[in-house]
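Sequence order for the protein chains is A, B, C and D. Count along the first sequence from 1, add 5, and you get the number used in our numbering. Count along the second sequence from 1, add 5, and you get the number used in our numbering. Count along the third sequence from 1, add 815, and you get the number used in our numbering. Count along the fourth sequence from 1, add 815, and you get the number used in our numbering.
There may be inaccurate statements among the hints.
Here are a few chain C residues that sit away from chain A, every Cβ distance over 10 Å (derived from the structure) [what the hints assert, rightly or not]:
1) LEU868
2) PRO874
3) GLU876
4) GLY912
5) VAL951
6) GLU961
7) SER976
8) GLU996
9) PRO1009
10) ALA1015
11) GLN1017
Below 27 Å or equal to it, Euclidean Cα-Cα: the simulated DSS-like pairs (lysine-lysine) are [claimed, not checked]:
12) LYS143/A to LYS137/B
13) LYS965/C to LYS90/B
14) LYS143/A to LYS223/B
15) LYS818/D to LYS848/D
16) LYS973/C to LYS143/B
17) LYS90/B to LYS1023/C
18) LYS889/D to LYS223/A
19) LYS938/D to LYS889/D
20) LYS974/C to LYS187/A
21) LYS834/C to LYS848/C
22) LYS187/A to LYS221/A
23) LYS76/B to LYS90/B
24) LYS973/C to LYS1023/C
25) LYS938/D to LYS90/A
26) LYS223/B to LYS1023/C
Derived DEER-like restraints, expressed as beta-carbon distance ranges [claimed, not checked]:
27) LYS90/B to GLY836/D: 41 to 47 Å
28) ASP855/C to ASP141/B: 20 to 26 Å
29) ALA142/B to LYS137/A: 20 to 26 Å
30) VAL197/A to GLY844/C: 55 to 61 Å
31) LYS1023/C to GLU132/A: 48 to 54 Å
32) GLU823/C to LYS137/A: 30 to 36 Å
33) GLY856/C to LYS49/A: 53 to 59 Å
It should be emphasised that the hints constitute simulated quantities derived from the structure, not laboratory data. Glycine included, every Cβ here is placed at the ideal spot set by N, Cα and C.
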Amino acid sequence: MVEQIPLEEAVNIIEDGMTVMVGGFIGSGAPDQILELLARRGVKDLTLIANDTGILGDALSQLIVNRCLRKVIASHIGTNPETGKQMLAGELEVQLVPQGTLVEQIRSAGAGLGGFLTPTGVATIVEEGKQKISIDAKEYLLELPLSADIALLRAYKADPAGNLVYRRAARNFNPVMATAAKTVIAQVETIVPLGEIDPDEVMTPGIFVHYLVEAKPKGVVQHG
Amino acid sequence: MVEQIPLEEAVNIIEDGMTVMVGGFIGSGAPDQILELLARRGVKDLTLIANDTGILGDALSQLIVNRCLRKVIASHIGTNPETGKQMLAGELEVQLVPQGTLVEQIRSAGAGLGGFLTPTGVATIVEEGKQKISIDAKEYLLELPLSADIALLRAYKADPAGNLVYRRAARNFNPVMATAAKTVIAQVETIVPLGEIDPDEVMTPGIFVHYLVEAKPKGVVQHG
Amino acid sequence: MDKAERMEWLIHRVAREFKTGDVVNLGIGMPVKVANALPDGITIILQSENGFLGLGPSPQEGQEDPDLVNAGGKYSTILPGGSCFDSALSFTIIRGGHVDATVLGALQVDEEGNLANWMIPGKMVPGMGGAMDLVVGARRVIVAMEHTAKNGTPKVLKKCSLPLTAARQVNLVVTDMGVMEVTPQGLVLREMAPGVTFEAIQAATEAKLLLVD
Amino acid sequence: MDKAERMEWLIHRVAREFKTGDVVNLGIGMPVKVANALPDGITIILQSENGFLGLGPSPQEGQEDPDLVNAGGKYSTILPGGSCFDSALSFTIIRGGHVDATVLGALQVDEEGNLANWMIPGKMVPGMGGAMDLVVGARRVIVAMEHTAKNGTPKVLKKCSLPLTAARQVNLVVTDMGVMEVTPQGLVLREMAPGVTFEAIQAATEAKLLLVD
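Based on the sequences and whatever the hints tell you, model everything.
This is the structure in structure tokens:
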């Protein structure tokens, strides 16, 4: 069942020590209002699963700057130098994962699979500690599912059933993360009446979503 | 590059002995005009990969009735008794696969994965001959990718770039099969001008599609 | 009660297993009738494994949409708030634990929660369709069936003899004679249909039925 | 030619590797400039790994769409016929062999086709992003880079010393000095930038450059 809640209440659902997936790609499609308030409130020891750690100055980056995290699992941290700084200083654990592997690990958890075989990372340091399996003389890494306590998403519009529609490149990791967390909270720009979203237009079915927060994004911080 | 071709030309692309994926679910979303002409032309020794073998009397079922197939890989053949009859008589090889495993095997091929671990089929005859892998004390079957020479799809509308939009439950296996065949042929009800399909509305990006055939479906045959 | 009344009882009994908001997949045939027997005030979300949520009632004649059939291939409708998707997402929903309950028929079910409902070797081999994924993935697996086969032989067994659909996944067995829960101790009889005695249901059951609180 | 002219040569040289309809993913930085250097009459489809096909030029000021940035986080546009999708489909496209070519920069590349472009241990660890998937999945992998490092040391090596992005996946190396193809025999020099001699390019290269027809 989907509940519409205010921003403050959404942020209070996230507890110290939780594993949190955050949708978005270098800020695009990230639930910025939730992230900003979360960083301001000063949550602690989160494990973050996200494509990246944002751009210094944007909402996601503040979680790193405010030292809310214990661990980061991401494909890229180059757009937020603070992450690399804390990592090299031994203050933050960072696990770098190929982007295609990361999204597939999340999908695997959401889809009830035990893992998958990917050629990505073979003969690189990514293969360390992983089982290698050969199929038809080609080597693959066995990658395992990745789930979370919370998924924080951003969508363009929603209906009271929790159905989500994303816009353009803001979709990225959001629909996959919606499937792989115990509790799914979506920041949406607008909530339209039931029946206004055509069934074929839905990108995340409402059954995946637990809480909707109506809040406009503040916009994208440009990198570089 | 996408080419718009007449029905007859599309059917001629399919050669005896090929492996052909066919979208649709008990006829819904099946490329009926292509299938009907293909069965009429009398192609031979195909391996069919599809959810089912249609309903006796519909387009897909005619491939079985006309003995165009050497082998069927499907999740369900109960709606076309002719398939079971030929199977029990030893005239047609039938491999039954759980529906979720079937679609995931096709996706695996399309996504460049070497396979995946599923709990489905463990402790059943589906596990015969398959590698079992335990992750966190839970058993999974390693299922391998499934690709084809040809995918025959049906979509509601397309644009000249080959972008496809499906309607309602006619989507089913179509978008996944679009990713997993060397040559993808889509029967579409209508081709609209470039730019008329919004990028967010696209369900199968045009890069997956090789040939478009504009032809209205004849409608669904009801089962039972 | 006559046979028809007992089947009605069965369907209504299964329908009482849900709470509002539950995502439910109903198998073809008798299980699908459960949707019309929900208690007042209970609204569930029906999933159709061919690719949509919000399965509604059959359309009125002349209102059929050829692109909207259910997993049994019958014309269907979709309710406001429903959504359509491809088979990959449909089985993400099913296998990923996002379906709260599935109701299926059975050829055999046993006291360990094993289920056989997809083939009789050399005779009936329709295929498993989505059943194996549903039984493995749904949070609760409810078997709804006639208590015995047409010839009167038990279908609730100590051990299934037909090829399994899945092992140890069934949670509840509801028949026209009663309601049995699969527990680590075995099959616990939770309820009997009106007029059915313990002796009668036990006599029609190969497995030992336990009576505990 | 001065340095700027040689870089221009490089970019135009890479741009000649495509035919109309090719699906191409261009890495951040210099590779992305290839899109503006295509020969007349050649149209390619650019893929952006954050989730769309049909990447267009940068938007005019005031026309930026906050929901439309490229994989480098820059405002972008989408051309007619373009499509948007999630990261799972984006990497189905990339890893599944549906990208005809990818152009990436490199820290090091070697005569076996090994590539290192994502980290310098203890110093620069931005992460691999989508590069490992692109290099494994694209049908052709083209490295586009300056021939030597800023301090003049070779980047085209016998064997990469930095952590690899992928093993044996590079097909073509295009630098401001020339074009080298990775073959089972080693690096075959296919072309030299105007004014570059074989002696000059070999001197700037650790790997042995082969001259065959």
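Each hint, compared with the structure:
no., hint, in the structure
1, LEU868, "5 Å, violated"
2, PRO874, "15 Å, holds"
3, GLU876, "22 Å, holds"
4, GLY912, "6 Å, violated"
5, VAL951, "8 Å, violated"
6, GLU961, "31 Å, holds"
7, SER976, "28 Å, holds"
8, GLU996, "24 Å, holds"
9, PRO1009, "33 Å, holds"
10, ALA1015, "40 Å, holds"
11, GLN1017, "37 Å, holds"
12, LYS143/A to LYS137/B, "19 Å, holds"
13, LYS965/C to LYS90/B, "24 Å, holds"
14, LYS143/A to LYS223/B, "44 Å, violated"
15, LYS818/D to LYS848/D, "16 Å, holds"
16, LYS973/C to LYS143/B, "24 Å, holds"
17, LYS90/B to LYS1023/C, "39 Å, violated"
18, LYS889/D to LYS223/A, "16 Å, holds"
19, LYS938/D to LYS889/D, "25 Å, holds"
20, LYS974/C to LYS187/A, "35 Å, violated"
21, LYS834/C to LYS848/C, "17 Å, holds"
22, LYS187/A to LYS221/A, "25 Å, holds"
23, LYS76/B to LYS90/B, "14 Å, holds"
24, LYS973/C to LYS1023/C, "8 Å, holds"
25, LYS938/D to LYS90/A, "10 Å, holds"
26, LYS223/B to LYS1023/C, "54 Å, violated"
27, LYS90/B to GLY836/D: 41 to 47 Å, "46 Å, holds"
28, ASP855/C to ASP141/B: 20 to 26 Å, "43 Å, violated"
29, ALA142/B to LYS137/A: 20 to 26 Å, "22 Å, holds"
30, VAL197/A to GLY844/C: 55 to 61 Å, "37 Å, violated"
31, LYS1023/C to GLU132/A: 48 to 54 Å, "52 Å, holds"
32, GLU823/C to LYS137/A: 30 to 36 Å, "57 Å, violated"
33, GLY856/C to LYS49/A: 53 to 59 Å, "42 Å, violated"
Of the numbered hints given earlier, the model fails hints 1, 4, 5, 14, 17, 20, 26, 28, 30, 32, 33; all others are met.
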